[in-house]
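Following the hints, complete the assembly by docking chain G onto the known chain L.
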Amino acid sequence: MKLEGTHQLEAARERVYQSLVNPEVLQRCIPGCERLERTGENTFAATIRTGVGSIKGVFEGKVQLENLREPEHFRIVVEGKGAPGFLKGSGDLDLAQEENTTKVTYSGDVQVGGTIASVGQRMIQGAAKMMATQFFTCLGAEAETEVGEPPPQHGFFRTALRWFSGWIKGLFKK
Amino acid sequence: MIPTQFDYKAPTTLEEAVALLASDLDGAKVLAGGHSLIPAMKLRLAQPQLLVDIARIKSLSYIREAGDQILIGATTTHYQLESSDLLKTICPLLPACAASIGDVQVRNKGTIGGSIAHSDPAGDWPAAILALDAELVLVGTSGERTVKAENFFVDLLTTDLQPGEILREIRITKPSGRFGQAYQKVPHPASGFAVVGVAVHLVLNDDGSCKSAGIGVTGVDVKAYRAKAVEAALAGSNLDDSAVTTAVTHVCDGIDPNSDLYASGDYRCHLAQVHTRRAIQAAKARVK
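Chains L and G are the protein sequences, given in the same order. Numbering-wise (my numbering), the first sequence opens with residue 1 and increments by one. Numbering-wise (my numbering), the second sequence opens with residue 1 and increments by one.
Derived by calculation from the structure, the hints in this document are not laboratory data. There's no promise every hint is true.
Claimed, not checked - Listed below are the simulated BS3-like cross-link pairs for lysine-lysine, each with C-alpha atoms no more than 30 Å apart in a straight line:
no., chain 1, residue 1, chain 2, residue 2
1, G, K288, G, K228
2, G, K88, G, K109
3, L, K56, L, K2
4, G, K42, G, K88
5, L, K56, L, K81
6, G, K42, L, K56
7, G, K211, G, K109
8, L, K81, G, K29
9, G, K88, G, K58
10, G, K228, L, K129
11, G, K148, L, K56
12, G, K148, L, K129
13, L, K103, L, K62
14, L, K88, L, K129
15, G, K29, G, K211
16, G, K174, G, K42
17, L, K129, L, K103
18, G, K288, L, K129
19, L, K62, G, K109
20, L, K62, L, K88
21, G, K211, L, K56
22, L, K129, L, K56
23, G, K29, L, K56
24, G, K29, L, K129
25, L, K81, L, K62
26, G, K109, L, K56
27, L, K81, G, K42
28, G, K42, L, K88
29, L, K2, L, K62
30, L, K81, L, K129
31, L, K88, L, K103
32, G, K284, G, K211
33, G, K9, G, K88
A quick note: this is a predicted structure, and the numbers were derived from the prediction, not measured.
Here chain L stands alone, though its shape is the one from the complex (with noise of 0.2 Å):
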């Protein structure tokens, strides 16, 4: 199966290929992420346990990037297997810095197997186009708030920020 799409993040190409090479933000993202450890210099142990309305199941499986041109492509490889089905694959994904956004552009090939695949053959690509968008919903939000060292004042205008609502949150609590 292919896969292919773009997503448009409102946050700069450095600070995007980053995140996408940071194993902490690439658990807090995956949907379902339950485990994300460092084996190698670009290799990676993953559990996942995600799934789609009632249908749901625990994956293990490596990730490996390959072909690292930072901030402007990499290659991942992915491998997994859990009780409902197997896959297998790869995918290039491309930045483009357009203004202040940046444009990761992907396009792979998987290959699933096993139940999920003889059963849900129909519905694979929605789950994966919805997995998708919920990735790089999260990461566009993790670029965002991270881009570069705050500046002290930027830091204070925050932490009043993050206390106001705290407070906000506290009244409607109450």
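Just chain G now, with coordinates in the frame of chain L:
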């Protein structure tokens, strides 16, 4: 083909069912007709800890009129809807849609609420209730709320139902005036699911022009949707062949169509256009 172990509870009231669901928000799952959930459990794609069987709650199965509305209980079976004389008279789209689902065994057991709550991308009911601009009544521990059908379907197999909530009732405004309805479906030859399904509800002015159109499409996107661009193009038109043919070209506007081994996205959109046109023409021919 044997599911993992699970607990089974068959409450007799809705309140009990809601409380049972709330007792295990992560692991509990509502069972109605079981035509999507049970196969998924047998394949171990779904492994709920607790099944709350609402099919035995008698007060959830009904079709009745109340003022200008038609009320349908969530566990009303496809067969009950298909064979309802009341619906055949006042809202024939519902029996027509029911008749196109699966086979008689499926229709005897499967429920309208189960189909809607599951939100299969190729389910038939979502298209019909979108065309009729239905409202859904959801109940949870914190009370009841009402959601428009077009806001209910969120994504693939994903609805606005929150953990612990049960779909209780489907409310449809009783069609009035000069109206016509039709459901057109291309069933998958093996599964019977809609490769493309189009539900149309047309209301005409006295001069025969289109007052409003409701069009629900299933099978094409990851969830059923209202083809609003087609509805807008039809409203006010005289519904002649050229107006309809032009309007249906918008059926895939803004949609990234599903693609699978059986039908590519482009083919699905082509089918959607052809069958939206046929459904509109059939609905128009049925206007009394």
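Status of the hints after comparison with the structure:
no., hint, result
1, K288(G) to K228(G), "holds (25 Å)"
2, K88(G) to K109(G), "holds (20 Å)"
3, K56(L) to K2(L), "holds (22 Å)"
4, K42(G) to K88(G), "violated (36 Å)"
5, K56(L) to K81(L), "holds (13 Å)"
6, K42(G) to K56(L), "holds (13 Å)"
7, K211(G) to K109(G), "violated (37 Å)"
8, K81(L) to K29(G), "holds (25 Å)"
9, K88(G) to K58(G), "holds (23 Å)"
10, K228(G) to K129(L), "holds (23 Å)"
11, K148(G) to K56(L), "holds (27 Å)"
12, K148(G) to K129(L), "holds (25 Å)"
13, K103(L) to K62(L), "holds (26 Å)"
14, K88(L) to K129(L), "holds (17 Å)"
15, K29(G) to K211(G), "violated (42 Å)"
16, K174(G) to K42(G), "violated (40 Å)"
17, K129(L) to K103(L), "holds (17 Å)"
18, K288(G) to K129(L), "violated (44 Å)"
19, K62(L) to K109(G), "violated (43 Å)"
20, K62(L) to K88(L), "holds (10 Å)"
21, K211(G) to K56(L), "violated (45 Å)"
22, K129(L) to K56(L), "holds (16 Å)"
23, K29(G) to K56(L), "holds (13 Å)"
24, K29(G) to K129(L), "holds (25 Å)"
25, K81(L) to K62(L), "holds (10 Å)"
26, K109(G) to K56(L), "holds (25 Å)"
27, K81(L) to K42(G), "holds (19 Å)"
28, K42(G) to K88(L), "holds (25 Å)"
29, K2(L) to K62(L), "holds (20 Å)"
30, K81(L) to K129(L), "holds (19 Å)"
31, K88(L) to K103(L), "holds (25 Å)"
32, K284(G) to K211(G), "holds (12 Å)"
33, K9(G) to K88(G), "violated (35 Å)"
Comparing the model with each earlier hint shows violations of hints 4, 7, 15, 16, 18, 19, 21 and 33; every other hint is respected.
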